[in-house]
Amino acid sequence: MIASTVIEGGEATLAETILRVVSLSDYNTRIVVLATTMLGVASGLIGSFMLLRKRALMGDALSHAALPGIALAFLIAPLFRLDGKSLGVLLFGAAATGLMGMGAILMIHRWTKIKEDAAMAMVLSVFFGAGLSLLGVIQKTTTGHAAGLESFIFGKTASIIASDAWLIAAVAMISILTLGLLWKELVLLCFDQPMAVTLGYPTLLLDAVLMAVVVLVTMVGLQAVGLVLIIALLVIPAAAARFWSSRMLTVTWIAALLGATSCLIGAQLSGIFPHLPSGAVIVLVATFFFVLSLFFGGENGLVTAMIRRSRLARRLDRRHVLRGIYECLEQGAPRRLDRELAQYNPYAGVLLSDLQATRSWSGRRMRRELRHCEAEGLLEVEGQTVVLTAAGWAEAARLTHEHRLWELFLISYADVAPSKVDRDADRIEHVLEPAMIAELERLLQKSESDGAVMPSPHEIGATLEPAGPSATTVVEGH
Amino acid sequence: MNSPLAVPLCVTDLTVAYHRKPVIWDVELEITPGTLVGVVGPNGAGKSTLLKACLGLVPLASGRIRFFGGSYRDNRHRVGYVPQRESVDWDFPVSAIEVVAMGMYREIGWCRPVRQRHLDRAAEALDRVGIGEFGDRQISQLSGGQQQRTFLARALVQNADLYLMDEPFAAVDAATEQAIVELLRQMKDQGKTAVVIHHDLQTVPDYFDHVILLNMRVVAAGPTEEVFTQDNLQKTYGGRLTLLDQATEAMRRRGLGSRAIGTTAEGPQT
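As you go down the protein sequences, you meet chains P and E in turn.
With numbering that gives the first Met the number 0 as the guide, the letters of the first sequence map in order to residues 0 to 477.
With numbering that gives the first Met the number 0 as the guide, the letters of the second sequence map in order to residues 0 to 269.
Simulated from the structure, these hints should not be mistaken for lab results.
The beta carbon of each residue, even a glycine, is placed where N, CA and C say it ideally should be.
Please note that the accuracy of each hint is not assured.
As the list claims (entries may be wrong) - Taking lysine-lysine pairs in the DSS-like style, the calculated list, with each CA pair at most 30 Å apart, reads: (1) P:Lys-53 / P:Lys-139; (2) P:Lys-114 / P:Lys-53; (3) P:Lys-139 / P:Lys-84; (4) P:Lys-112 / P:Lys-53; (5) E:Lys-20 / E:Lys-234; (6) E:Lys-20 / P:Lys-114; (7) P:Lys-53 / E:Lys-20; (8) P:Lys-112 / E:Lys-20.
Stated by the list, open to error - Not the full set, but computed from the structure, chain P residues with beta-carbon under 8 Å of chain E: (9) Leu-181; (10) Asp-191; (11) Val-196; (12) Val-250.
Please model the entire structure based on the sequences and the hints provided.
Here is the structure:
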């Protein structure tokens, strides 16, 4: 019977295998995929707490220390008339030595001068080494019988059967319930442990609960992902989720979702390519999602941040162009003051070369920004001069007003030297919100509605070569 | 109100050691109710340790702490703690209002969610410290002063009678400093007591009714105008205490535990 399935499998084409795995038509595939997906949910959930508790490596030490337990359980089980290959027995052994390893780390850290990371590295490798030696012993003494134990090292999803799936489901349920019920207590523990202590929470107990869930998830994950890589399943989805949100609740469910998706796809891939270790495939899929989040995460992703920065730079350039034009007009003012309106003539044009002299930017950058502003209908470029539209004039006046408010505030309240004010104001004014502008106006008792924009509190163009104000502007008759 | 019940904090014989090296020795304190108390001393004088020891955050080598005449366990709802700003990870994915709501967790009870009325109260506390509009911000998006105010709001919602604050004025802007001072005075008017670790000696007489000069032991404690003298400051910050420091270091190196030092310090009294 076994032989016949092998022959069948051998004859199936790749396309058929893919269809069979993806459509979940096969009972075994269904079990495997469902079980690993639930494992992904559980590990994503608990992983985000571990990351925030800064205990990420604890899971690694725990899983490596589990190997000798698996081997010992296999060796000792027959003495108690138990089946040495039943998952329950093996995982019990794994949990036992795993916890011993964790205890060893805590003791070394507490009673010696050795730091936690060094203690972890030692315990992790010593236990793993012991486990490998025991596996070697088993292989020598019980020929062929022990095949399958190595699958705990790199994971073999194909070996998951229905009872294992139930075990994983139970663990997933326990983690969801525990985290749901103790949500705010555990968040507090991770965020501010001393605060939890002063509020009277039993923090040791809470920590123990958190670690217990980690132990459970790690143990049931050993079979599917393997002890070398289970830590990746705990850490990577949680780390990736942080790029998508700054809310604990959202981070946690995104981590669960990413964990589930990685496991789902990973398990199916290892169904299609049975020679690949499933742990590695799952971790690679998870890493793919991590890289995706790293770049495109909606909250902290690198590309998102870059777009945000370039938008800010654009906004600053826009401010600089409009204010530059305003200041050019203002400097050439005496000749063009429209006496009836008691305002500067907004329909005057400014030479591009003069505008460029107000800023230390390249002509290309300025022209690009002028094009943007032109598209917005704020100004018109005619040959070598630029003329503001009515809307552009209003916007330029508003921006200059805000800039000068802030400058004045810096001079009068923050003891900034007037000569430095222009640069400092530039840096900060883009964060000014309407409420703050109102507050500044109240504080400085200046308001745009009082009439014209107030004069600059410092010499304009003091930092650049003055280009003779009379020559700087061209009057456009209208 | 002179009954022992009214004394918000009474410390007797307190000695604390880190890794067998004593950090504070033989501290005796009695905080007068309804006062603002400044704790002043050089770096490494054990100011933070003193507060933490009172709250049971570090183990005591010896000593007895009484809050309102009882144990801390029985009176913790009457005590609010504002830790140093650096004590937490500000990249943690929570918003300011969620941090403030943490002050109410005991009141909300185990396993129950934070409800709208709790969030309303948290928002009110944020308003009181002047950052009501930043409640929804993730905490790393707040300035240093705003983070400090968030911590204060968290203590406020606890509605305690005694507040222990660890350097609330450290690295905050002038506006925040003024807001905190204003808040402290409001608390005092409501009959509350605050013990505040403070660094800026110049403002001590302005801000505090009482002052505790600490340098591993209490150099002087009492009403500011009596205790905050040039002479006492010299004793606290001056070179005279370095001898004590050297003695401690020598003992630690010889492997004598804090217990040995503790008994020496307690010797004459027992």
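Structure-based check of each hint:
A C-alpha spacing of about 41 Å is found between P:Lys-53 and P:Lys-139, which places the hinted pair above 30 Å, so the restraint is violated. With a C-alpha separation of about 15 Å, the suggested pairing of P:Lys-114 with P:Lys-53 holds against the 30 Å cut-off. For the suggested pair P:Lys-139 and P:Lys-84, the alpha carbons sit about 17 Å apart, so the restraint of at most 30 Å is met. With a C-alpha separation of about 20 Å, the suggested pair P:Lys-112 and P:Lys-53 falls inside the 30 Å cut-off, and the hint holds.
Among the hinted pairs, E:Lys-20 with E:Lys-234 is consistent with the structure: their alpha-carbon atoms are about 22 Å apart, no more than 30 Å. Using a Cα cut-off of 30 Å, the hinted pair E:Lys-20 and P:Lys-114 holds, with the two alpha carbons roughly 19 Å apart. For a cut-off of 30 Å, the pair hint linking P:Lys-53 to E:Lys-20 stands: about 28 Å separates their Cα positions. A hinted pair counts as satisfied when its Cα atoms are at most 30 Å apart, and P:Lys-112 with E:Lys-20 qualifies at roughly 15 Å.
Hint on P:Leu-181 holds. Least Cβ distance to chain E is approximately 7 Å, under the 8 Å limit. Hint status for P:Asp-191 relative to chain E: holds, with the closest Cβ pair at about 5 Å, below 8 Å. The closest approach between the C-beta of P:Val-196 and any C-beta of chain E is roughly 6 Å, which is under the 8 Å cut-off, so the hint is satisfied. Checking P:Val-250 against chain E by beta carbon gives a least distance of about 5 Å; that is within 8 Å, so the hint holds.
Of the hints listed earlier, the one the structure fails to meet is number 1.
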